[in-house]
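Engineer: The residues making up each chain are set out below.
2 protein chains.
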Amino acid sequence: MKNKPLILVVNDDGIISNGISFLSSVMSELGEVFVVAPNQNRSGVSHAMTLDRDIYIEKINDKKNHFICSGTPVDCVKLSIDKILPRLPDLCVSGVNHGSNHSINSLYSGTLHGAMEGTIHGIPSLSFSHLSYSESIDLSGFKNFIKMFTLEILNSGIERGVTLNINIPDVDSAKIKGLKICKQGVGNWKEDFCKTRKVGDKQYYSVTGKFNQQKNDLESDTWALENNFISIVPITLDLTSGKTIDSLKYLEKYDF
Amino acid sequence: MKNKPLILVVNDDGIISNGISFLSSVMSELGEVFVVAPNQNRSGVSHAMTLDRDIYIEKINDKKNHFICSGTPVDCVKLSIDKILPRLPDLCVSGVNHGSNHSINSLYSGTLHGAMEGTIHGIPSLSFSHLSYSESIDLSGFKNFIKMFTLEILNSGIERGVTLNINIPDVDSAKIKGLKICKQGVGNWKEDFCKTRKVGDKQYYSVTGKFNQQKNDLESDTWALENNFISIVPITLDLTSGKTIDSLKYLEKYDF
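Chains as they are written, first to last, in our numbering: chain Z, 52 to 307; chain V, 52 to 307.
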């Protein structure tokens, strides 16, 4: 790459999160950075885009190339490409998320899906998450990994249509054993909604939940993270369950 | 199935949509139906769940087993399972959506992802969409297909972890050539955001877009729909790009 790469930084925790400040600071050592992030926490919004109302962009006056967006992470990427960036960026990075985006969380994560929207537009895109949910976690021990790994991707690229979902275990960086290229682990959330208030006939609930982790094999991100590896799952935009197609072909004979 | 099956009906267009009235009416010929749907249009919310505020359920007094929910389609399914249904349902159906959920739209669709949440909970789950965006479209010509196809799934089941994404072309039912079991077609949206108003430093935009359809092969849902077939894509919860894992293994040697 001859010129300084153009790097778009997004997240779902919002513009004021520690994780995005850290990530944009690391990226500024690699290229020209634009930060476009939600005005509030948009965790759990997956690949949502805003269709039911107008969304705004607001430039932050005292920070170079920083923009607040009232939409989702996917909206941030779409607006960046259409209205903010001088050209299609060389890289889109999302995060660093405060909390896990491995296993089934990859379906719910706004962080990962922000990066996946970058992939849809043909931009090599990375999603970084750290397993601690603490906003005040010190990420500096992972600076070198994030910088050097991103540099490698800037140089070598990623297969078209693939996003990298990178999760970092919640241990001291000195204890990290290495990287594992993984598949998505199997698990699910069991929700327990709690009654909060009743207004007329409307019963309000707040959500709590427990993560049920299935026994995961050595190739899963769950195993890697439990064993102090950084997990990297290549994520596809194609949701087809290819192995299921043949077993359903009998339905084509259906008479209706 | 010996007893009357329990069927959960959800959607993303909201409780008052024509499509969900039609679908719940068809389902009531097959089993005991619970309808739990958003209080407003939640199109494009993908697999979003609500974490930043409490959500409510409100029972509709003059309709048996009908509930309004202020959350997303995924919230509707989660709350139904935890708080509304007498037991885990035998089937979850989502739709009928007014508008396409084929190709890349499967990433954005609240309709499909409501059904996918059912799949996460181990419930055989179907997503129905009709390619017309008109709320007043007459769906009665597809009643027999939806009923008989759903009955087949109630009897034979679906592989665990797989949701069926069913799209119906916008042609008279007499012109339908049959069903095709397909893979997700390739395409993307090119957005064009329009400035609406400016409030202080906040520039507001409304979104419009154009769908770029790539040349799709005979196995894609795009081809099937263009050729008057009903498309059925088996959708996986596992976002791993399995074929990419080997080509990334070299990164495991990375020294950071």
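FYI, nobody ran anything at the bench for these hints, they're computed from the structure.
Each hint should be verified, as a subset may be incorrect.
[Claimed, not checked] Capping the alpha-carbon separation at 25 angstroms, the derived lysine to any residue pairs in SDA-like fashion look like this:
no., chain 1, residue 1, chain 2, residue 2
1, V, Lys241, Z, Ser76
2, Z, Lys304, V, Asp223
3, V, Lys110, Z, Val222
4, V, Lys115, Z, Gly251
5, V, Lys304, Z, Lys300
6, Z, Lys110, V, Val222
7, V, Lys249, Z, Asn112
8, V, Lys266, Z, Ile209
9, Z, Lys300, V, Asp141
10, Z, Lys194, V, Asp306
11, V, Lys198, V, Leu139
12, V, Lys134, Z, Asp243
13, Z, Lys266, V, Leu139
14, Z, Lys300, V, Asp113
15, Z, Lys194, Z, Lys304
16, V, Lys198, Z, Ile135
17, Z, Lys134, V, Asp268
18, Z, Lys246, V, Val222
19, V, Lys198, Z, Ile296
20, Z, Lys300, V, Leu81
21, Z, Lys304, V, Lys300
22, Z, Lys294, V, Glu210
23, Z, Lys294, Z, Val237
24, Z, Lys294, V, Ile296
25, Z, Lys249, V, Arg104
26, V, Lys249, Z, Asn90
27, V, Lys294, Z, Glu203
28, V, Lys300, Z, Asp221
29, V, Lys114, V, Leu182
30, V, Lys194, Z, Tyr301
31, Z, Lys304, V, Lys115
32, V, Lys300, Z, Gly208
33, Z, Lys300, V, Lys266
34, Z, Lys300, V, Ser224
35, Z, Lys249, V, Ile296
36, V, Lys114, Z, Lys304
37, V, Lys300, Z, Val222
38, Z, Lys294, V, Asp268
39, V, Lys194, V, Asp105
Engineer: Hint numbers the structure violates, sorted upward?
Structural biologist: Hints 1, 3, 5, 6, 14, 15, 16, 17, 18, 21, 29, 31, 35, 36 and 39 contradicted; others consistent.
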